[in-house]
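Participant: In the order they appear, the protein sequences are chains A and V. Each residue of the first sequence is one higher than the last, beginning at 1 in the working numbering. Each residue of the second sequence is one higher than the last, beginning at 1 in the working numbering.
Since the hints were made in silico from the structure, they are not lab data. Some hints here could point you the wrong way.
Identical copies look the same in the list; a pair holds intra-copy or inter-copy alike.
Unchecked claim - Here are the simulated SDA-like pairs of lysine to any residue, each with C-alpha atoms no more than 20 Å apart in a straight line: (1) K469 - Q377; (2) K435 - A456; (3) K259 - S295; (4) K133 - G492; (5) K221 - Q322; (6) K384 - N192; (7) K133 - H38.
There are 2 protein chains.
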Amino acid sequence: MNGSMMQQPLLISSLLVHAERHHGEQEIVSRRVEGDIHRTTYRELAARSRRMANALARLGVRRGDRVATLAWNGYRHLELYYAVSGSGAVLHTLNPRLHPDQVVWIADHAEDQVLFFDLSFLPLIEAVADRVKTIKAFVAMTDRTRMPASTAIPNLLCYEDLVAGQSDVFDWPTFDENTASSLCYTSGTTGNPKGALYSHRSTMLHTFASALPDALNISAKETILPVVPMFHVNAWGLPYAACMTGAKLVFPGPFLDGKSLHELFESEGVTVSAGVPTVWQGLLAHVEASNASFSTMRRTIIGGSACPPAMMRAFQERYDVQVLHAWGMTELSPLGTACVLKPHQQRLASGQRLAIQAKQGRAVFGVDLKIVGDDGQELPHDGKASGELLVRGPWVIREYFKGEGGDPLVDGWFPTGDVATIDADGFMQITDRSKDVIKSGGEWIGSIDLENIAMAHPGVAMAACIAAKHPKWDERPLLVVVRKPNAELSRGDLLQFYEGKIAKWWTPDDVVFVEGIPLGATGKMQKNKLREQFRDHSLPGA
Amino acid sequence: MNGSMMQQPLLISSLLVHAERHHGEQEIVSRRVEGDIHRTTYRELAARSRRMANALARLGVRRGDRVATLAWNGYRHLELYYAVSGSGAVLHTLNPRLHPDQVVWIADHAEDQVLFFDLSFLPLIEAVADRVKTIKAFVAMTDRTRMPASTAIPNLLCYEDLVAGQSDVFDWPTFDENTASSLCYTSGTTGNPKGALYSHRSTMLHTFASALPDALNISAKETILPVVPMFHVNAWGLPYAACMTGAKLVFPGPFLDGKSLHELFESEGVTVSAGVPTVWQGLLAHVEASNASFSTMRRTIIGGSACPPAMMRAFQERYDVQVLHAWGMTELSPLGTACVLKPHQQRLASGQRLAIQAKQGRAVFGVDLKIVGDDGQELPHDGKASGELLVRGPWVIREYFKGEGGDPLVDGWFPTGDVATIDADGFMQITDRSKDVIKSGGEWIGSIDLENIAMAHPGVAMAACIAAKHPKWDERPLLVVVRKPNAELSRGDLLQFYEGKIAKWWTPDDVVFVEGIPLGATGKMQKNKLREQFRDHSLPGA
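Pulled out of the complex, with its shape left as it was, chain A reads as follows:
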């Protein structure tokens, strides 16, 4: 027997309709590629998204067609989030940090029909335009006056012409909530990129869960500046959560340096931001150097990779900005955990609180977590046992786009490739990527702990810990370090810094100083490249 409540599919367009009807006057502020500040409202966003939906239909975009973007965080990108998915087409956010060859490969694999791009990516578009196989039109996200004077791009259209040429009357269609809504490729350090194809249902449930008080805690009183890009895992879902709750949105465009971000935080009264640790490093350096502070920022969500404890302390203790550590993956839409302390933890001394905050946090409702040993058996939640992390839930991937890579699931759970502990309060901490773990004499050494200690040294700008071959122990930790400008720091200084902070046998066997550590398209350290580079490194005493 079924219940007798209304049957309404969970559709992304409903977010926009709600924002227009109940938060019509709320602002959306964007720093544009051109450098100026642009202001609009949810009411205007909704009207322009409907115009764009009409334009997409006119361009021949049909249900299920992939429409690609190569764009920064801004209002036009947000319009496409709603116009494309709301129409029943699939928004495919391309990562502009990829090599042109990869962009071509992904666009072909996705069979993109139309590609929208910010003017900063004109050179990239020119490099790929005659190589991609399925794209019928390229749309420059600008107005007529700023269109490129001459270009070899075929079928080049102007975004504002498309919007202006259409009516703002458009009825968002109703369809099955399992319909695909958007597509994001993982940056895969090995093999070809693989696509995560989200549905309206998975996105809507993720939006509900991500806005909860013990997740990202999003409400109409917030002014959100997502530094995390809309071109990667939907800016952690914030463009959807903002519409659901009527929060003010502030978009930084391409200007992600510390000075530009801080200016925007202050001028727009930003209360919450979100990004990866590397971005915050630039911001903190700027704020420190200019002796500035944060007058409205109350918290920042940090994910993508673990937040170094030193960064957490700087934000919280020096600038009174609470850090919310969160964890997710492209395959999780992306949110899996958020590190919101439980009441009994709030009452702990500050050092103990910080130790908990360094963990990735507890499961957001909807996602279940477990860790398993080599035999696949679930390990206890005791904060000590460490095993491969598996997840499941209605916004966790079942298989990759087009079935690439076969069935990734293990008994209905998705193996994350992370190694983690879970404590008795349910707080998960990633100790390593399973492929980065260092296997020394049959025991595992977590590289992230070793990196965090190095990062806490005032002379270290960036540190990666990788496995180096060892004749007796198979593998031993090798620390690869980028010094801060003008920092004097020796191998001995750094090794001594580990004393008393970690089991003696975990101490790296060696330190090498480098000019830079290779970063992937989403800002993560590419340790596979380092391993390749230091494949023949001989450890002292080995």
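Assemble the complex: chain A is given as a structure, and chain V must be docked to it using the hints.
Facilitator: Just chain V, lined up with the frame of chain A:
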């Protein structure tokens, strides 16, 4: 083309699984019918719910069967919430304030198979046990030592025996999320009661929405005492939201007097409560008389009927307890709106903020609202135009149980029977029930405004405003008042009290003082009974 995320139905059992795995140690405290305090945890709740699920199967309860409860707020009732719905059966919460004839009528209509009851309702059960047609077993929610010594109830079972006799191993079944989960009858002032049959999907989406920061804002840091009964509209969904978020629950059992509630607030560190205005009146009277305060309570959710402004001021200004005005209906699962101010409203002077807080609030995401005129056309959101309120959303009723009363919808919207305004910020205010509105010379007078003014008079305990017949104006307002004990208050005093507070022609034509105003089973004033009582009242000067 569908997305490729995991397919997991939204099932109520997932709330319990989450609470056990991630908030296992969190407390659930109940004042039992016996008067003592009982403590348990989510871990224990989950284990006992699984035992009860096994017991239900043993009793022959199958998917879709209705299992009734006649019970106060307590841990055993909570176990049934999960054991019954989680098994795929339908939890039918009966309202013990109904007349035995109505209980029989509703139990027969619902075709209840088993009835669980708290010992306080033994006399009611004895009155109906041999009259109900489908109930095969009655279960007293107590242990063996407290079982009634002798009774005429056939097939009387003991709750704790059932739990003790079963294994705590039970795999919650997976089924279609549209499956019916629970059933609640409206108390219908006219005609037979009608059932609202909720589904797992509608309940889960309602739970997500109700826990959002701009709705009831439920998180693990809260200690929630729901005064609003679990026997009516699922205690506004709090038993579900608590499990979703790992909040501590405190249940008052049958002890709803001001003294008992206040004791529990203080001893258990309650941070948030929820109930109808009549309950809070008793609480405030007790706190005032005993010169007490609230040391941990930070907010109270008030719904069921409009919160009188005087009560709101008392809570906020005298006791520093924020009032969250909310609105819902049995047919809405029940949440529709919550009165959480927007940032620009937070900056207003306190009098202006109070005027907004007196409204029922803005739409919780998922519910859409509109007001329509007599011609069915949508009226503007200007805070002035007043029309019938219609709602829709995935937890709004599509039709009543067994199709009773035919199709209630108008173009896909559910007509609430309320008359309301909606302002430019989206804040809805109920001005009347459409059947209670007073039609004076072709213009509408809202009875709620007039009642609120009377309630603000220090000598008034309760006030109802009804339409009385008038030869010239058709209807004019008649105020029916219960004086506070020992208050000296005349008709003239009260009429004078309206001066300057309202348009002169809205002033009631007459005042009558009564000993009591009839309340329905959910604590609402039964104005239809008053209208009957004063049908032949002759207004002065008429």
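Participant: Now look at each hint and say whether the structure bears it out.
Facilitator: Hints and how they fare:
1. K469 - Q377: Neither: 30 Å inside a chain and 77 Å across chains, both beyond 20 Å.
2. K435 - A456: Neither, since 24 Å and 69 Å both go past 20 Å.
3. K259 - S295: Within. Shortest intra-copy distance 15 Å satisfies the 20 Å Cα cut-off; inter-copy 44 Å does not.
4. K133 - G492: neither (55 Å within a copy, 86 Å between copies)
5. K221 - Q322: Result: close both inside a copy and across copies, 17 Å intra and 17 Å inter.
6. K384 - N192: neither (35 Å within a copy, 60 Å between copies)
7. K133 - H38: neither (35 Å within a copy, 69 Å between copies)
Violated hints, listed in ascending order, are 1, 2, 4, 6, 7; each of the other numbered hints is respected by the structure.
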